[in-house]
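2 protein chains.
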Amino acid sequence: MDKVFKWDIFEIALSGNTAGNPFTDYTIRGVFKGEQEEIETEGFYDGDGIYKVRFMPSYEGVYRYFITGNYSDAGTVTGEFEVFPAKSGNHGPVKVSNTYHFTYADSTPYYSVGTTCYVWELQSDDRIKETLESLSESGFNKIRFCIFPKHYDYNFNEPRSYPYEGTPMDNSVLTEDNFWGYTDNPKENNEWDFTRFNPGHFRHIENCIKKLGDIGIEADLIIMHPYDRWGFSKMSAYEDDLYINYIVARFAAYHNVWWSLANEYDILDKTIDDWERYAQIICTKDPYGHLRSIHNCIPFYDYTRPWVTHCSIQRQDIYKTAECTNEWRGKYKKPVVIDEMAYEGDIPHFWGNITAEEMVRRFWECAMRGGYPGHGETYMNKDNVLWWSHGGKFHGESWKRVKFLHKIMCETPGLGLTSDAKMDYMGVTAVPQDDKERENKTYFIYYYSFMQPSCKIFHIDDETEYEAEVIDTWNMTVEKAGTFKGKFKINLPGRPYMAVRLKKRRNYQ
Amino acid sequence: MDKVFKWDIFEIALSGNTAGNPFTDYTIRGVFKGEQEEIETEGFYDGDGIYKVRFMPSYEGVYRYFITGNYSDAGTVTGEFEVFPAKSGNHGPVKVSNTYHFTYADSTPYYSVGTTCYVWELQSDDRIKETLESLSESGFNKIRFCIFPKHYDYNFNEPRSYPYEGTPMDNSVLTEDNFWGYTDNPKENNEWDFTRFNPGHFRHIENCIKKLGDIGIEADLIIMHPYDRWGFSKMSAYEDDLYINYIVARFAAYHNVWWSLANEYDILDKTIDDWERYAQIICTKDPYGHLRSIHNCIPFYDYTRPWVTHCSIQRQDIYKTAECTNEWRGKYKKPVVIDEMAYEGDIPHFWGNITAEEMVRRFWECAMRGGYPGHGETYMNKDNVLWWSHGGKFHGESWKRVKFLHKIMCETPGLGLTSDAKMDYMGVTAVPQDDKERENKTYFIYYYSFMQPSCKIFHIDDETEYEAEVIDTWNMTVEKAGTFKGKFKINLPGRPYMAVRLKKRRNYQ
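Chains as they are written, first to last, in numbering that gives the first Met the number 0: chain A, 0 to 508; chain B, 0 to 508.
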């Protein structure tokens with residue numbers, strides 16, 4: 000009997016019709032029955048006469064499958080396989096938990112600390128390898144990237160492959176001054192058959208998704224984006240829907256997939272009805288309910304829409320971003336992921352030149368309010384390889400501090416932090432989201448951001464003993480400051496980016 | 000004939016009644032007639048049987064005066080004096096000009112860069128001398144301070160004098176834990192006659208106002224404040240009005256006086272009607288129309304009130320302050336003075352521990368939007384002498400950068416800066432307030448704040464030649480970058496706190 004691990008992929012590949020257009024003319028679907036679930040999923044044409052159906056089991060034990068469709072005249076194909084416990088490190092897909100937070104399917108808390116590399120996977124094999132090595136070394140556990148290639152400053156090169164059959168425009172006509180001119184009428188310059196996918200393009204992306212999964216990183220897939228000279232952002236509704244069906248059929252079985260309907264949805268030439276229709280397709284066709292959101296340029300999408308599982312936010316103000324986490328949590332009652340709080344770097348673009356210190360400060364401001372921050376790096380360099388677009392190596396300093404923050408986040412009692420609202424006007428006091436932990440006053444992190452107090456006075460109550468620690472968020476140290484009760488003073492070094500953590504002393508008997 | 004310089008004080012001192020309460024039972028007033036003005040002003044009792052009337056002439060030439068009142072039975076006292084041109088450095092009182100800005104009476108632009116030392120003038124002679132020396136060395140041209148003594152952290156000592164006759168509470172009863180307990184019922188602990196002023200207290204303050212005037216510094220007098228164990232903040236309406244009349248009669252003739260009705264008006268036990276009444280007294284009794292405002296703790300006073308000449312703002316948000324200058328200018332259509340944007344220092348109080356870099360950044364953010372920033376310094380030190388409260392020496396780094404900013408502000412063509420609103424979402428682009436200068440695109444300062452671009456691209460138009468300068472606001476350097484036309488690039492050092500200034504090249508023939 001075939002074997003598969005829980006939250007891995009069981010795939011059936013079958014030969015089928017090649018006449019006409021196999022991407023649109025034929026169907027294939029599977030039903031997967033185990034003792035604890037029965038999942039129906041659509042398959043896809045993978046080229047060369049091969050149709051595939053994929054399934055991600057969420058339970059152990061024996062499953063039976065039934066493959067049907069007009070892809071061939073084989074009739075219903077059936078079989079069995081056994082699902083074994085998940086491989087070490089695979090905690091299953093991430094779900095929303097405790098309203099504002101996330102856990103993996105196996106209930107392990109997932110504290111998201113993301114980065115953005117828009118088209119890292121469309122670079123050369125060497126670059127991709129380098130990016131994966133950088134990611135492994137970092138603490139990031141989510142990466143945002145695009146399925147379609149990207150046409151934008153520092154990135155006017157060609158992708159390694161295209162999603163469709165056809166011919167891209169001749170990029171030798173691009174000059175320093177005219178490259179934006181080619182974004183308006185892509186149909187004049189490119190020739191694609193938007194009904195015929197290039198399976199190799201998607202197969203390669205799957206391979207990248209898998210490699211991310213292997214190192215514990217969620218793949219936040221950007222389905223549409225406006226930075227486009229090829230016309231992929233200007234397809235018809237029929238073509239868009241075809242595309243979304245195709246990627247859901249291909250990618251949904253990967254445990255680490257998140258769906259991001261768009262980067263900067265508001266500068267794409269689509270209507271709210273379009274976005275809602277895409278969301279409907281995903282909700283209907285993804286049997287695993289992977290996380291879904293949509294990312295703004297300026298106005299937020301209506302994150303109260305039921306299909307939106309979490310906010311995926313780009314800052315709306317260059318000065319105040321992560322500090323708005325409370326407000327957004329309050330408004331949307333969903334996890335707040337701030338995927339773009341500006342990027343560490345030194346490019347001229349106003350969104351791409353904050354310091355490492357400021358980036359780390361924003362990470363902490365966001366995380367201490369129970370939000371989930373995102374990183375990006377945009378340092379100029381002679382090869383025009385910018386992490387934010389291409390991946391490669393890190394050149395900054397903020398990425399090094401992310402693993403440390405993530406460790407602190409993981410030490411939260413219960414699941415997730417929130418901030419003590421009554422203290423908001425003076426900064427952020429992080430407390431556990433868990434009601435009981437909060438009532439019992441077990442855990443406090445006072446984050447001092449750009450402020451540089453030389454001491455702080457605390458007075459939680461008169462009875463409880465607290466173990467105090469001084470955290471240097473920049474230098475990544477945690478120093479014990481002693482055990483205290485009642486009103487007490489903690490000395491601090493008088494420099495920015497410090498925090499004090501108080502943990503209720505447990506009485507071990 | 001007596002002589003006086005324009006915008007200096009002509010004072011008449013006359014003996015009068017001492018029976019009863021000279022502060023309340025008698026009046027003295029003067030009328031001063033020159034060719035270009037006729038001013039009526041109230042005098043005051045200065046103790047020891049002496050009544051005084053003061054006058055500040057705004058024009059040169061011969062004046063005649065007429066002193067009347069029931070202070071004695073001398074009848075109308077008259078005389079003449081001649082007003083000579085103002086002494087060098089005395090530009091007269093500051094007025095609002097060009098809606099959002101200030102000039103001195105002689106039309107010299109006044110670009111306000113202030114500091115706060117709440118009770119510097121109530122310290123020892125040595126400390127006062129030290130403060131004046133520090134101020135002389137600095138670039139500050141305004142200082143906020145209180146007429147009443149101040150009871151607040153780091154400042155529980157006694158003032159050098161009290162404003163009233165009577166006996167203050169015994170401060171030996173103050174301990175580290177109880178000092179706030181003495182603010183609630185001051186009448187139980189202090190004995191004052193709120194109808195009998197201590198002229199020495201006010202005479203000393205006048206001396207300090209004069210010394211500030213001599214070094215070109217405006218005295219932004221805080222008339223009321225809540226930090227009080229003596230009861231000066233809890234007088235009756237009658238007593239308040241008596242006090243306001245008294246200080247207006249004494250201080251209004253000093254050219255460098257500004258009236259600040261309160262520090263943190265909203266935490267004083269007064270009503271809006273009270274504030275409006277005080278304002279009415281000042282408007283009626285101050286014949287020179289010195290600048291008037293009122294400073295908030297949390298909610299702003301209604302700065303649209305006609306008597307308010309300018310906003311005097313304390314930040315309402317710890318993260319975003321100076322960046323709101325545009326919004327406040329737009330809302331109130333008056334000069335925006337941000338007197339408290341947090342203080343450079345390292346005390347535990349959340350409002351008193353920003354870095355020097357952050358303070359200077361806020362100064363520039365405010366100034367580049369055509370607002371007027373204020374400084375304060377709160378470094379812990381073993382003598383508990385904090386600039387913000389006592390004056391003394393500076394211990395920080397931000398004050399050193401104020402003179403440099405002020406020099407840049409003074410180089411604005413026309414009067415005052417504003418920001419280019421259409422660029423707001425990406426930071427601040429300072430342009431002249433003057434319509435003609437703006438239409439002619441003569442002058443631009445692009446301030447990059449905490450951002451660290453390694454270059455910037457400019458393209459004002461295709462024809463105009465610009466002289467470009469790179470300004471390092473922290474290191475206080477201005478470096479010529481060359482002359483450019485059309486689209487051009489300016490290289491920057493890739494660190495924060497930089498600015499680029501473009502000046503239209505003048506065609507000298």
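Keep in mind the hints are simulated off the structure, nothing from the lab.
Each residue gets a CB set at the ideal place from its N, CA and C atoms; glycine is no exception.
Any given hint could turn out to be false.
[Claimed, not checked] In the DMTMM-like style, the derived pairs of lysine to aspartate or glutamate whose C-alpha atoms are separated by at most 25 Å in a straight line are: (1) Lys421/B x Asp434/B; (2) Lys484/B x Asp176/A; (3) Lys319/B x Asp285/A; (4) Lys5/A x Asp47/A; (5) Lys435/B x Glu466/B; (6) Lys319/B x Asp471/A; (7) Lys319/A x Asp152/B; (8) Lys488/B x Asp268/A; (9) Lys402/A x Glu357/A; (10) Lys399/B x Asp125/B; (11) Lys186/A x Asp125/A; (12) Lys488/A x Asp471/A; (13) Lys381/A x Glu410/A; (14) Lys392/A x Glu410/A; (15) Lys32/A x Asp47/A; (16) Lys332/B x Asp285/A; (17) Lys319/B x Asp316/A; (18) Lys484/A x Glu175/B; (19) Lys486/B x Asp285/A; (20) Lys406/B x Glu136/B; (21) Lys421/A x Asp152/B; (22) Lys5/A x Asp285/A; (23) Lys488/A x Glu466/B; (24) Lys488/B x Glu326/A; (25) Lys486/A x Glu175/B; (26) Lys484/B x Glu356/A; (27) Lys421/B x Asp268/A; (28) Lys319/B x Asp423/A; (29) Lys94/B x Asp213/B; (30) Lys319/A x Asp316/B; (31) Lys319/A x Asp419/B; (32) Lys332/B x Asp423/B; (33) Lys319/B x Asp268/A; (34) Lys486/B x Glu410/A; (35) Lys488/A x Glu175/B.
[Claimed, not checked] One side of the interface only, derived from the structure: several residues of chain A facing chain B at Cβ under 10 Å: (36) Ile297; (37) Glu364; (38) Lys503.
We went through each hint and held it up to the structure:
no.: 1; hint: Lys421/B x Asp434/B; result: 16 Å, holds
no.: 2; hint: Lys484/B x Asp176/A; result: 17 Å, holds
no.: 3; hint: Lys319/B x Asp285/A; result: 42 Å, violated
no.: 4; hint: Lys5/A x Asp47/A; result: 29 Å, violated
no.: 5; hint: Lys435/B x Glu466/B; result: 19 Å, holds
no.: 6; hint: Lys319/B x Asp471/A; result: 24 Å, holds
no.: 7; hint: Lys319/A x Asp152/B; result: 30 Å, violated
no.: 8; hint: Lys488/B x Asp268/A; result: 32 Å, violated
no.: 9; hint: Lys402/A x Glu357/A; result: 17 Å, holds
no.: 10; hint: Lys399/B x Asp125/B; result: 23 Å, holds
no.: 11; hint: Lys186/A x Asp125/A; result: 32 Å, violated
no.: 12; hint: Lys488/A x Asp471/A; result: 17 Å, holds
no.: 13; hint: Lys381/A x Glu410/A; result: 41 Å, violated
no.: 14; hint: Lys392/A x Glu410/A; result: 29 Å, violated
no.: 15; hint: Lys32/A x Asp47/A; result: 29 Å, violated
no.: 16; hint: Lys332/B x Asp285/A; result: 55 Å, violated
no.: 17; hint: Lys319/B x Asp316/A; result: 10 Å, holds
no.: 18; hint: Lys484/A x Glu175/B; result: 18 Å, holds
no.: 19; hint: Lys486/B x Asp285/A; result: 49 Å, violated
no.: 20; hint: Lys406/B x Glu136/B; result: 14 Å, holds
no.: 21; hint: Lys421/A x Asp152/B; result: 23 Å, holds
no.: 22; hint: Lys5/A x Asp285/A; result: 17 Å, holds
no.: 23; hint: Lys488/A x Glu466/B; result: 54 Å, violated
no.: 24; hint: Lys488/B x Glu326/A; result: 39 Å, violated
no.: 25; hint: Lys486/A x Glu175/B; result: 13 Å, holds
no.: 26; hint: Lys484/B x Glu356/A; result: 36 Å, violated
no.: 27; hint: Lys421/B x Asp268/A; result: 24 Å, holds
no.: 28; hint: Lys319/B x Asp423/A; result: 14 Å, holds
no.: 29; hint: Lys94/B x Asp213/B; result: 19 Å, holds
no.: 30; hint: Lys319/A x Asp316/B; result: 10 Å, holds
no.: 31; hint: Lys319/A x Asp419/B; result: 20 Å, holds
no.: 32; hint: Lys332/B x Asp423/B; result: 18 Å, holds
no.: 33; hint: Lys319/B x Asp268/A; result: 34 Å, violated
no.: 34; hint: Lys486/B x Glu410/A; result: 52 Å, violated
no.: 35; hint: Lys488/A x Glu175/B; result: 14 Å, holds
no.: 36; hint: Ile297; result: 8 Å, holds
no.: 37; hint: Glu364; result: 8 Å, holds
no.: 38; hint: Lys503; result: 22 Å, violated
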